[in-house]
Amino acid sequence: MKSSVIVSPELLDELGLLRILDACQCRSPQGNILKNSVTFYTNNSRNSLQEELITIDKLLKLVRSNHPQVTEGQIQLSRLRELRGTLGRLEKGSLLDDTEFFELKSAFAIFNRLRRMKNLLDAAGVNFEDTKTAATLLDPAGTANPTFHIYSEYSPELAQIRARKKELEKEIRQATGPQRKTFLTQRALVTAQEDQEEESIRRQLGMKLAEWLPQIKHNVSVCGILDFRLAKAVLASRWNGCLPTLVENHNPAVLQNAFHPLIAAMLEKQGLSFTPISIELNKGTTVLSGANMGGKSVALKTVFLALLMTQLGYFPFCESLQTPLFDFFAFESSYEGDLHRGLSSFGLEAVQIRNHYRKSQSQKGLILMDEPCRGTNPSDATAIVQALCNVYGKSNSTFLIATHYHVRKSSGIRFYQVRGISPDALTELATYRYSSVDPIETEANIPATASNLTVIMKHEDLTRVRRIQNLMDYRIEEIDGVNQSSSGAIKIAELLGVDEELLREMIAARQEE
Amino acid sequence: MDAVAATKGIDLLQLTGLQDLESLAIIGLSKNAGKTTCLNHIIAAWQETSQLRPLALTSVGRDGELEDILSGNPKPRIYVQTGTLIASAEGALLRSDALLEILELSNIRTALGEVIICRALSDGYVELAGPSVTDEVSTIGTLMRQHEPECLFIIDGALSRRSQAGSGVSEAVILCVSAETSANPETLAEKSSFALSLLQTPALPEEIALVFAEAMVVHPKKRVYILNGNNSDMTLAILDTPTLVGNGKAIANKINADTSYLFLQGALTDQVLQELLSESYFANLTVVVEDGTRLFIKPASLQKLRDRSVELAVMNPLDVRLVCLNPTRSNGQYIEPELLLATLRKSIDVPVVDLGPKTM
Chain F
1 MKSSVIVSPE LLDELGLLRI LDACQCRSPQ GNILKNSVTF YTNNSRNSLQ
51 EELITIDKLL KLVRSNHPQV TEGQIQLSRL RELRGTLGRL EKGSLLDDTE
101 FFELKSAFAI FNRLRRMKNL LDAAGVNFED TKTAATLLDP AGTANPTFHI
151 YSEYSPELAQ IRARKKELEK EIRQATGPQR KTFLTQRALV TAQEDQEEES
201 IRRQLGMKLA EWLPQIKHNV SVCGILDFRL AKAVLASRWN GCLPTLVENH
251 NPAVLQNAFH PLIAAMLEKQ GLSFTPISIE LNKGTTVLSG ANMGGKSVAL
301 KTVFLALLMT QLGYFPFCES LQTPLFDFFA FESSYEGDLH RGLSSFGLEA
351 VQIRNHYRKS QSQKGLILMD EPCRGTNPSD ATAIVQALCN VYGKSNSTFL
401 IATHYHVRKS SGIRFYQVRG ISPDALTELA TYRYSSVDPI ETEANIPATA
451 SNLTVIMKHE DLTRVRRIQN LMDYRIEEID GVNQSSSGAI KIAELLGVDE
501 ELLREMIAAR QEE
Chain X
1001 MDAVAATKGI DLLQLTGLQD LESLAIIGLS KNAGKTTCLN HIIAAWQETS
1051 QLRPLALTSV GRDGELEDIL SGNPKPRIYV QTGTLIASAE GALLRSDALL
1101 EILELSNIRT ALGEVIICRA LSDGYVELAG PSVTDEVSTI GTLMRQHEPE
1151 CLFIIDGALS RRSQAGSGVS EAVILCVSAE TSANPETLAE KSSFALSLLQ
1201 TPALPEEIAL VFAEAMVVHP KKRVYILNGN NSDMTLAILD TPTLVGNGKA
1251 IANKINADTS YLFLQGALTD QVLQELLSES YFANLTVVVE DGTRLFIKPA
1301 SLQKLRDRSV ELAVMNPLDV RLVCLNPTRS NGQYIEPELL LATLRKSIDV
1351 PVVDLGPKTM
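Here the protein sequences come in this chain order: F and X.
What the first sequence shows, in our numbering, is residues 1 to 513, in sequence order.
What the second sequence shows, in our numbering, is residues 1001 to 1360, in sequence order.
Calculated directly from the structure, the hints in this document are not laboratory data.
Just so we're clear, the structure is a prediction, and the values are computed from it rather than from any experiment.
Watch out, some of these pointers could steer you wrong.
Said to hold, decoys possible - In silico contact screen, one side only, chain F against chain X (beta carbon under 7 angstroms); selected entries:
| id | residue |
| --- | --- |
| 1 | ASP98 |
| 2 | THR147 |
| 3 | THR191 |
Claimed, not checked - Example chain X residues on the side facing chain F (calculated, C-beta under 7 angstroms, incomplete):
| id | residue |
| --- | --- |
| 4 | GLU1090 |
| 5 | ASP1097 |
| 6 | GLU1101 |
| 7 | ILE1348 |
| 8 | ASP1349 |
| 9 | VAL1350 |
Cβ coordinates follow ideal geometry from the N, Cα and C atoms, glycine included.
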């Protein structure tokens, strides 16, 4: 997984992938082991991925129809204990104790109940081995009682010893003084015989159960698979995941109305809604440009998340999605710089540019870059970005780049842009005059402490920024490439009340360019 | 009440009203206080009076071993009757000789392994090693009640800073004291009476307890909850510190002249009190703890609190039904119980008995 998905820990955190996977809740230790082992499916495991996705789809139908076997199955799975230790000891021929026999007896009961849930098992594409005969080993009297002890039914000798012990215990209850002591001593002798007999029964029982190890192990593993697939289906149901279509490698990835559940939830808290992303990614380069504050980074994260989740065997959060299978995923964002480590941000970017390019020479990658060369001088940056677009345009990998730098049309390059703020919407927003009074000056009596040396952004300004954001049309659309619009930064500066003189200079400078 | 009469099962039950209880904690004032002996007396009394409800036993920490782990002296063992429920760690159960049926695995881990819920299918010796945290004791109680809803849940408790047997876990308490604490009757009576008075610390007014209970739901697992103002106009302040010890200064800084109640979650020790007493605002208020087992303070500290008009109160009052005296010391010395009992009874208002030895 590590070499197949190249993304910094900080960006991984921003992507929210781990928080989303946390929301996929397995009930059993076996399900959690599978989940935590993380499988990255590639072309070599295309059939397994296909099977995984189809079973999740079938389970999703049961989840959505509130099929009773879903809840019942989850209850049974949640009762299953981690059995590796007990099975390991059974395999080694160690003497099991009562707790371990109890664990196995409980597991047999769970297997038996799950085995009867035909709809659930058919949907999950799994089958249980019949272990009823093994279960009877732990219930010699056939009481169907879930509890366990070494039953007297295991041997006539044990039954006799216990009968003697019981007689003595009766005597002990009535006796006092030295007589009681005598009975207690006799009881201790009988107890020693009981221990010996119990040990021999435990040994035989262990040997008989060991014969069932293949079936037990199979069923334990089936529980894990069932649990994990069911958890994925519940996750898909919660956030409207869809069954992705896996296409051959020469086909594009096509995402319809993809969304990011965590960002969507955050926006919802602010009374806003997430604008779904639709995009087609051919092999080669796709350039995403558009206004500042236009949600390019969110679009990139959403696309990356949907495609990566698919290859991790989960349903992506989309209306529909088709995708070829990539050999590796890479995501770079200059926003998450490594400045705190005291290293040059471009230096680190260059290392990644080199690595991804080399990897893409032999493997088909999905490489996303969010505003590379952000801190580099614009003419160099434009040249680097253009070069990246050109080389990946001819490669077998899929390269999606969000950039403000101008990219010239060339073969293998497609262009998308965020719609941004429409001119009509802009007229609704009267230009704003920033108050010339410095807030610090009006509060002259505040003692000079370190905390009030920093000017806190005025509430009015924050509201303004939010209002502009609300006017933003975050939808992305394919464009020709020649008419790449400006980032709209100067317009936003104007809307936020940048002084006229400064604004005039900005416009003049832009025109000169 | 003489020692001999008290050993009759019927008297023990009458004295403590055990038949009407759902839960009981046995707390020892010191090591070798006679908790296990007391438990064995209860088990015997339960059998002699043919009670129909089963007993359900667990301990806070470890008990019922053959030897005292600290002194190496032989300890009384717990001998249970058929039908008794036991919650004890795997390792301790291996050293038990009653035939035990496993009912459930609790998922609560201890140093001796997972706590297992069992039913005794025969009479026999068991070793108790239950959970060490109050929340877990409460979980064990719930699990046992699922199997035997009518059981009398008995916690073989310990007075320690880490664990407690009270806090809503048990309805009533038996306090065990021994000559280990002091062989001098007056000193023993003084210490026992003081310990008892802490255990019996009165409950908060119901409306204030309700405010704190709500605060604990809204802001769970905080150490310090402070109520400022009076009844008509109260405000709540919260302080989150990892422990009370070492943070007395921070707590003291949070209180002001307006503070009326200071609720501390955890053990209230002399050290914490010392830090609180250094704050001049720490006066004319009530200090609240979960229950009387959370108070680890010396008589002198209590006097200092009184001088400042600081009251003590608890969220969950403990109903101490009986004080049991063990006249034997761990070095084997036996102190004549008559004088000890007489002196104890003079200063203690709950029945005091010497149940006598009960090694099964």
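Broken hints, by number: 7, 8, 9
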